[in-house]
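Trainee: In case you want the letters, here they are:
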Amino acid sequence: MADMKIGAYVCQGCGLGERLDTKALTLVAQKEGKAHVVREHEFLCNSQGVAMIQKDIDEGVNRVVIGACSRRAKAEAFNFENVAVSRVNLREQVIWSQPAAEEARELTQEMAADYMRMGCAEAKKIVAPTPNPEHGTNKRILVVGGGVTGMTAALEAARAGYEVLLVEKAGTLGGYMAKLHKRIPYREPFADPQATGVEAMAAAVTQDPRITVFLNSTTTRTSGAPGRFSVDITAESGGTKTENVGAIVMASGFTPYDATKLPEFGYGKSQNVVDQAGLEALARAAAARGEPMRRPSDGKEIKSVVFVQCAGQRDATGTHLKYCSGHCCNTSMKQAMYFKEQNPDIDTAIIYTDLRTPGNGEDFYRSAQRKGVIFTKGKVAQVEVGGNGSATVHFHDLILDDKAATMSGVDLVVLATGQVPNSGVNIDIPPDAQDIDGVKAGEHAVSVLNLTYRQGPDIPQLKYGFTDSHFICFPYETRRTGIYAAGPVRRPMDIAQAVEDATGAALKAIQAVENAGLGRAAHPRSGDLSFPTFRREGCTQCKRCTVECPFGAIDEDEQRYPQFNEGRCRRCGTCMGACPVRVISFENYSVDSVGSQIKAIDVPDEFSEKPRILLLACENDAYPALDMAGVSGHTSSAFIRPVPVRCLGSVNMIWITDALNSGYDGVMLMGCRHGDEYQCHFVKGSELANYRMSKIDDTLKNLNLEKDRVRLLEVAIAAIARVPELINDYAAKIQEIGMSPFKGF
Amino acid sequence: MADVVATHETIVVVGGGISGMTAAVEAAETGKNVILLERAPSLGGRVNQLYKYFPKLCHPTCGMEINLRRLRGNKRIRVLTQAEVLKVEGRAGDYKISVTLHPRYVNDHCTACGACGEAVATEIPNPFDYGMSRMKAAYLPSLMAYPQRYVIDPSILGTPDAEKAREACKYGAVDLDMKPETITLTAGAVVWATGWRPYDAAKIQPYGYDRFDNVITSVEFERLSDPRGPTGGRIVRPSDGKEAKNVAFIQCAGSRDRNHLKHCSRICCMASLKQTTYMRERFGDEAQSTIYYIDIRAIDRFEDFYQKVQADSTVRFVKSKVANITEDEATGDVILHGVDTEGYHRYDNRHDLCVLAVGMEPSADAKAIAGVAVDASGFIELGPTDGGIFGAGCAANALDVNRSVQSATASVLRAVQVVNRVAKAEG
Numbered sequence: 001m002a003d004m005k006i007g008a009y010v011c012q013g014c015g016l017g018e019r020l021d022t023k024a025l026t027l028v029a030q031k032e033g034k035a036h037v038v039r040e041h042e043f044l045c046n047s048q049g050v051a052m053i054q055k056d057i058d059e060g061v062n063r064v065v066i067g068a069c070s071r072r073a074k075a076e077a078f079n080f081e082n083v084a085v086s087r088v089n090l091r092e093q094v095i096w097s098q099p100a101a102e103e104a105r106e107l108t109q110e111m112a113a114d115y116m117r118m119g120c121a122e123a124k125k126i127v128a129p130t131p132n133p134e135h136g137t138n139k140r141i142l143v144v145g146g147g148v149t150g151m152t153a154a155l156e157a158a159r160a161g162y163e164v165l166l167v168e169k170a171g172t173l174g175g176y177m178a179k180l181h182k183r184i185p186y187r188e189p190f191a192d193p194q195a196t197g198v199e200a201m202a203a204a205v206t207q208d209p210r211i212t213v214f215l216n217s218t219t220t221r222t223s224g225a226p227g228r229f230s231v232d233i234t235a236e237s238g239g240t241k242t243e244n245v246g247a248i249v250m251a252s253g254f255t256p257y258d259a260t261k262l263p264e265f266g267y268g269k270s271q272n273v274v275d276q277a278g279l280e281a282l283a284r285a286a287a288a289r290g291e292p293m294r295r296p297s298d299g300k301e302i303k304s305v306v307f308v309q310c311a312g313q314r315d316a317t318g319t320h321l322k323y324c325s326g327h328c329c330n331t332s333m334k335q336a337m338y339f340k341e342q343n344p345d346i347d348t349a350i351i352y353t354d355l356r357t358p359g360n361g362e363d364f365y366r367s368a369q370r371k372g373v374i375f376t377k378g379k380v381a382q383v384e385v386g387g388n389g390s391a392t393v394h395f396h397d398l399i400l401d402d403k404a405a406t407m408s409g410v411d412l413v414v415l416a417t418g419q420v421p422n423s424g425v426n427i428d429i430p431p432d433a434q435d436i437d438g439v440k441a442g443e444h445a446v447s448v449l450n451l452t453y454r455q456g457p458d459i460p461q462l463k464y465g466f467t468d469s470h471f472i473c474f475p476y477e478t479r480r481t482g483i484y485a486a487g488p489v490r491r492p493m494d495i496a497q498a499v500e501d502a503t504g505a506a507l508k509a510i511q512a513v514e515n516a517g518l519g520r521a522a523h524p525r526s527g528d529l530s531f532p533t534f535r536r537e538g539c540t541q542c543k544r545c546t547v548e549c550p551f552g553a554i555d556e557d558e559q560r561y562p563q564f565n566e567g568r569c570r571r572c573g574t575c576m577g578a579c580p581v582r583v584i585s586f587e588n589y590s591v592d593s594v595g596s597q598i599k600a601i602d603v604p605d606e607f608s609e610k611p612r613i614l615l616l617a618c619e620n621d622a623y624p625a626l627d628m629a630g631v632s633g634h635t636s637s638a639f640i641r642p643v644p645v646r647c648l649g650s651v652n653m654i655w656i657t658d659a660l661n662s663g664y665d666g667v668m669l670m671g672c673r674h675g676d677e678y679q680c681h682f683v684k685g686s687e688l689a690n691y692r693m694s695k696i697d698d699t700l701k702n703l704n705l706e707k708d709r710v711r712l713l714e715v716a717i718a719a720i721a722r723v724p725e726l727i728n729d730y731a732a733k734i735q736e737i738g739m740s741p742f743k744g745f
Numbered sequence: 001m002a003d004v005v006a007t008h009e010t011i012v013v014v015g016g017g018i019s020g021m022t023a024a025v026e027a028a029e030t031g032k033n034v035i036l037l038e039r040a041p042s043l044g045g046r047v048n049q050l051y052k053y054f055p056k057l058c059h060p061t062c063g064m065e066i067n068l069r070r071l072r073g074n075k076r077i078r079v080l081t082q083a084e085v086l087k088v089e090g091r092a093g094d095y096k097i098s099v100t101l102h103p104r105y106v107n108d109h110c111t112a113c114g115a116c117g118e119a120v121a122t123e124i125p126n127p128f129d130y131g132m133s134r135m136k137a138a139y140l141p142s143l144m145a146y147p148q149r150y151v152i153d154p155s156i157l158g159t160p161d162a163e164k165a166r167e168a169c170k171y172g173a174v175d176l177d178m179k180p181e182t183i184t185l186t187a188g189a190v191v192w193a194t195g196w197r198p199y200d201a202a203k204i205q206p207y208g209y210d211r212f213d214n215v216i217t218s219v220e221f222e223r224l225s226d227p228r229g230p231t232g233g234r235i236v237r238p239s240d241g242k243e244a245k246n247v248a249f250i251q252c253a254g255s256r257d258r259n260h261l262k263h264c265s266r267i268c269c270m271a272s273l274k275q276t277t278y279m280r281e282r283f284g285d286e287a288q289s290t291i292y293y294i295d296i297r298a299i300d301r302f303e304d305f306y307q308k309v310q311a312d313s314t315v316r317f318v319k320s321k322v323a324n325i326t327e328d329e330a331t332g333d334v335i336l337h338g339v340d341t342e343g344y345h346r347y348d349n350r351h352d353l354c355v356l357a358v359g360m361e362p363s364a365d366a367k368a369i370a371g372v373a374v375d376a377s378g379f380i381e382l383g384p385t386d387g388g389i390f391g392a393g394c395a396a397n398a399l400d401v402n403r404s405v406q407s408a409t410a411s412v413l414r415a416v417q418v419v420n421r422v423a424k425a426e427g
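Quick mapping for you: the protein sequence lines, in order, are chains A and B. Here the numbering used here is used: the first residue of the first sequence is 1, the next is one more, and so on. Here the numbering used here is used: the first residue of the second sequence is 1, the next is one more, and so on.
Since the hints were made in silico from the structure, they are not lab data. There's no promise every hint is true.
[Unchecked claim] In silico lysine-lysine, BS3-like type, Cα no more than 25 Å apart, as pairs:
hint, chain 1, residue 1, chain 2, residue 2
1, A, K139, B, K321
2, B, K321, A, K403
3, B, K52, A, K463
[As the list claims (entries may be wrong)] Per label pair, the in silico range of CB-to-CB distance:
hint, chain 1, residue 1, chain 2, residue 2, range
4, B, G427, A, A281, 48 to 58 Å
5, B, K308, A, D698, 50 to 60 Å
6, B, I183, A, N82, 29 to 39 Å
Yeah, the Cβ is synthetic: ideal placement off N, Cα and C, and Gly gets one too.
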C-alpha cells in the first residue's frame, strides 16, 4: 500500500456543532492523530459531505476517520471502497450520553477529543482487507446420508445447478423413510396417511446427472476448508476414493431409542410389544403379502392395540431421553389409522400426557378422532403380557385420577420411543464418560465425518447429541464452517420438517461454496474479507489458538505451528485474544489496532479527579445497547472510553495490563451470556473471556492494584437502561477506591 | 424510486420480519440481487415487539442487530419500506410486481436527530406497543428502526404541527409534498414472507376481550413486560394500574377451534411458559401464574423449558378449556369459569389479569396471487415445481422463530433455483 494518508472529518450536524468545539477536534486529529487532511462539515452524511470525503480519497487519502454518529448509523453513506474507515462515535456515545448543561461541556469535549485520538490511532493500524489468495473454489457439495434429508439436500442443490456427491452407508437410498409403510400427511386435507414416495425420490436421485451416489460407503477422512474439502469415501468392500468438494451437508439422521431399555413396558419379553419402527415393519410386511396385520406372537387376529406415548422420552429423571421427539403423536395416530383401515372395529387407544400435533396436525388429530381412535390422557406404568399373548396395560388415568387404571386384552402394544441423533463423536467429552440423559456417551460414537481437525472428528454438539447452533436466530450455523447439519441430527423432526430443513441446509452449503470462492467470511461477519495471519518467528507453539478457536479453524502443521484454515474462520478473533505472545492479527483488527487506541487517549494526572475507564464492549450487544442508551437520553459517566470488540473472546490480556499501566483507573468488559443458553454469537468467545479473566487477579496483584480495577459484566443488547447504570456504578466504585497510581508513567 | 434496478434474476422478498430479513440476507449472501419490501416504515416485524425469545430468554434485537449489519453491508439488497404489494403477475422467471410506495414525508437526508419529534405536539397511538402507549406524530418506529429515519404520520398533514416538523429539520429531510408512487418491479422469483397477525381476540366472545379491561392478549403482555414498553416493564392492570401479580394464561385462545382457527398455532404454549418467567422476574415468589391448557406443546428441546417452568412453585397448570370469563366490577378482577378435567372439578378462579394466548393467522391474503396454493387456514403450501412464488415463515405455516428461519432459508434455495434457471437461459 502507498504511504499512509489519513483524512479526519468532523460532522457538525445533529447538535455536534453546538455541543462540541469541532474545530478543536480537527486540530486534535491533525496534531496528535497526525491526520494529513482535516475538515469540518455541517452535515457530513449528505451527498456533499460524502463527496468531499470521496474527493480526498481520490486525491490520495487512504485512511478515513469520521467523527460523527455511531458506526451503526449512516453505514450506507460512509461506505467507501478500498480505504480503511474508522468511525468515531461522537453523537450517540458522546453528546447524547452527556448532559447538555454548560458545566458538562468541558468533560464532554475531553471525551470527544479522546474519541478522535482513538479513531486516528485505529486508522493508522488498520487497512482495508483484501481477500485471502488461497481460497478454495470447488463448488461441489457433499451430502452425507441418503435418507429423506440427504436425498432432499442432494436434489435441491442439483436443481440449483450444483454438482452433488451423496454418500450412504447402507446398500440402498431411503434411510428410515424407506422403512415406513406410509407417512404423516403433509397436504390438505391432512386426514389420512400418505404414500412416502421414497422409491420415486430415490430414483430421481439416482437418475439426476448432477448427483453421484456412493452406496455402502462412508466418509473416512475429511480435511480442508470450505471451497477445498478433501474427502475419502470408503466402500464397505474396502476401496477408497478421494474427492474434492466445497461444502458438506451432514444428514446422518437418527436411531430410534433403544426400546430394550424399557423392560417395564414388556419390550423384548413379548413379540406383541413393538416400537414404532417395529409397527411400520409389520405394516409393510402385511401390505407386501396383501394381508392384514396379525399378532406377531401367534398370528391371531388383532382386535385391540394400545399406543404408549413418550415411551422413554420426556423423562425428567434423566434415565431416558429428556426431550420430546415431536413426531410421535402424529406417528401413533397414523399407525392407529393403519388398523382402522384394516378393520374399523379394531380398538385403538393412544395413551398420552400431552398430545402434540402442531399446525395442521390438528386436522389429522380430528381425523383420527373421527375414525374412532381413542385418546386417553394417562401415564403408562407397566405393560404385562400374559401367556396367551394378550397384554394388560397399567396406567395412571389422569382425567379420572385413577392410579390403577388398566386396559386388558390388548393384542399389540406400540411404544412411541424417540429419536436419538446420529451425530457421531461428542468431541467435548471423553469417550469413557458416563450416561448423559439416557444416552450413553460412547454408544453412537462412530464418527460420521472423520474430520482431521485438531479439535476432533465431528461437529460439536450442544445438548442431547444434537449439533450445536444458535438454535433460534441462526439454526444452520454449526461450529464447523461449510458443514451444515440437517434433519434429526439437528433436532428431532418428522419428514415434512426434514425436507424443509434439508432445503435450507443445501442453500447454506451453496452459499458457503460461493463465498469461499471469493474469500469472504461466513456468518456472523458475513462478507468480511479479513483473515487471521500469524508471525511464525514469534510463535511459541503453545497451542492455545488451536484449542480455543470456537470453530476448529486452526490445525497444526508438521512442525507443530498453527495452520490457519481461513475458509473455516469466522473472524471472531478468539485466537488473537488467546495468543500470549500476540503474534496473531487481522488486517483490520489486531492487538496493535486496539492497543493503540487504548494508549492514544490523554490521561489527566492523578490530582485532576478525572479518572479514565476503558470499556471493551461486544460490538453486537453491549455497544449497540450503549448507542440506544444515548438515543433514549440516558446519561452516563464522561470518564468512559469505549472500544468495540468483535467478541470478548478477542480481548487480549495485554490490552488490560497496558491500560492499567498507562494510567487508566479501571477496565470494564461487557460481553454476552455464556453456558448452555449462550448468547455469544461466536459461541465460545464470551465463555473463554470469562475463563481468562478468572486469572486477572494475579495480574492485578503483580501490579499491586485493587481487584475492582477490572470488572467483567454480562450485558444483553436490551440492557438499554442498565448499561449506563453499570457504567455509573463502576465510575462511583473507581472514585471510591481512588485514582490509579500509574498516572504519568 | 427510479433507481431500483430489477431483472429476471432478481429475487423479491415481500415482508421484512425475521423471515423476510433472513431470506433477503441469505439470498444476497449467495450472490443474488434482492429487493426487500416491507409495508411498515421499518424492518423487524413482529419479533421486534417481543421482550424475549423462548427458550433462551434472550432478546430478539440481538439477532436483529446481526441481520441488520449483514443487510446494511450488502450492496445486493435494496430495501423499500412503506411498500405495499398490489399485484403480482407473470410466471416463474418473469414476474411483474406492482408496488405502491407510501410517503414517509421524510427523505434520506434524515439523520434521526429527533428534532422533528421534539417540535411536534400531536400524539398518536403507538402501533409498536399495540396502541397501549402514545407517541409523537413525527417518530422513529423503534430504537432498532431500519432505515434509521423518522416518519411523519399523515394525520398531521395540513396542520401547523407538520409545518413545525418541517421547520425543525435543519437538513431539509421533511418533505410534506411527497406523494404515493406506484412502481413495477421485475423479478425472477418471489419469496412471500408476510408473517402473521394475532387472531382477533374479540371474536372469542365468552372471554370478553372487548368488554373487560383486564383481559389482554399475549402480544400485549409482551409489551407490558418489556422495559422498552408502555409501562417501562411494570406488569400492571389496564383498568387501574395495579400490579398484576396473579395472572391467568388461557391457551388455545382461538386456536384448535373450528369456530375460530382450526389449526394449532404452535408457539402459544411456549409463549405462555415464557411469560410466566416474566412474572417471576418481576415479582419473585409473590408471582402467581396459572396456565389453563388442553395440551402443553413444548416440542423437542423445548421440553426442558417446560420442565423448568413446572418446577417453579409460582406456576400452576390447570387442564381445562376455560368456559367463560366474568368481571367483578367492584375490583376489576376477572373470574374464570370452567371445569378442571383432571378430576372434573368445577372452578371459579379469580385473577388480577387474564392473558389470552391468541393464535396465529397469516397476515396477508395469499389466495389473491395467481399460481399460489393456499390451505384452508390461509397458509401458503409448496406449489407445483414450475412456480416461482414461495411462502416463507409464518406465511407458510404456524411457526416459531427457529422454524421460520429454517423455512425462509429453504425458500431462498427454491428462489435461487428459479433465477439460476433464468440466468442459464439468458446465458
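Trainee: Below or equal to 25 Å on CA atoms is what counts here, so check K52/B against K463/A.
Mentor: Answer holds: K52/B to K463/A is near 21 Å, not above 25 Å.
Trainee: Quick one, are K139/A and K321/B close enough, alpha carbons at most 25 Å?
Mentor: violated (54 Å)
Trainee: Hint says 29 to 39 Å; check whether the CB-CB distance for I183/B and N82/A agrees.
Mentor: holds (33 Å)
Trainee: Does K403/A lie within 25 Å of K321/B when you go C-alpha to C-alpha?
Mentor: holds (23 Å)
Trainee: Measuring from beta carbon to beta carbon, are K308/B and D698/A in 50 to 60 Å?
Mentor: violated (37 Å)
Trainee: Are G427/B and A281/A spaced within 48 to 58 Å by their CB atoms?
Mentor: Since G427/B and A281/A have Cβ atoms about 52 Å apart, the given range 48 to 58 Å holds.
When each numbered hint is compared with the structure, violations occur for hints 1, 5.
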